[in-house]
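Numbering (our numbering), first residue to last: 12 to 119.
Incorrect hints may have been included.
[As the list claims (entries may be wrong)] Simulated restraints, written as ranges between beta carbons of each label pair:
id: 1; residue 1: Phe13; residue 2: Val112; range: 53 to 61 Å
id: 2; residue 1: Tyr34; residue 2: Leu72; range: 22 to 30 Å
id: 3; residue 1: Glu45; residue 2: Gly16; range: 44 to 52 Å
id: 4; residue 1: Phe57; residue 2: Tyr34; range: 35 to 43 Å
id: 5; residue 1: Phe13; residue 2: Pro76; range: 55 to 63 Å
id: 6; residue 1: Gly94; residue 2: Glu68; range: 31 to 39 Å
Hints were generated in silico from the structure; no laboratory data involved. In this text, a Cβ means the ideal position worked out from N, Cα and C, and glycines have one as well.
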Amino acid sequence: MFLRGAIVLALGALLIYGLVKGYPLLRGPELALESPVDGASAEGGFILVRGTAHRSETLTLNGAPLLMDKEGHFSKELPLPRGGAILSLTAHDRFGREITVERSVFVP
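Put together the whole structure using the sequences plus the hints.
Written out as structure tokens, the structure is:
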């Protein structure tokens, strides 16, 4: 009886461990864009794009690769032409899932 209880307890612990470790993999990539806010004005024609990507293998800004550190932080100063622009930031995870965040900015 003791052995059966120990096996059930071990299997339960293993199941809980698997769920805790596997849940982030099921969620897919996540993007937290700190800057710029939507509708921002880029004085001087430059804007700083900064944020964090979680559970991401690759990151692109308007189709160009964007480097991130091992914690997922990224930062890039981008020159923009006069007028309006849409910044499109896309993160891909190792399973091919993606998430895209877009921001509209204006350059006077």
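Here's how the hints hold up against the structure:
About 54 Å separates the C-beta atoms of Phe13 and Val112, a value consistent with the hinted range of 53 to 61 Å. Taking the beta carbon of each, Tyr34 and Leu72 are about 28 Å apart, inside 22 to 30 Å as hinted. Against the hinted window of 44 to 52 Å, the Cβ-Cβ separation of Glu45 and Gly16 comes to about 50 Å, which satisfies the hint. In this structure, Phe57 and Tyr34 meet the distance hint of 35 to 43 Å, their C-beta atoms being roughly 39 Å apart.
Evaluation of the 55 to 63 Å hint for Phe13 and Pro76 yields a pass: the beta carbon distance comes to about 57 Å. Between Gly94 and Glu68 the CB atoms are about 33 Å apart, so this pair conforms to the stated range of 31 to 39 Å.
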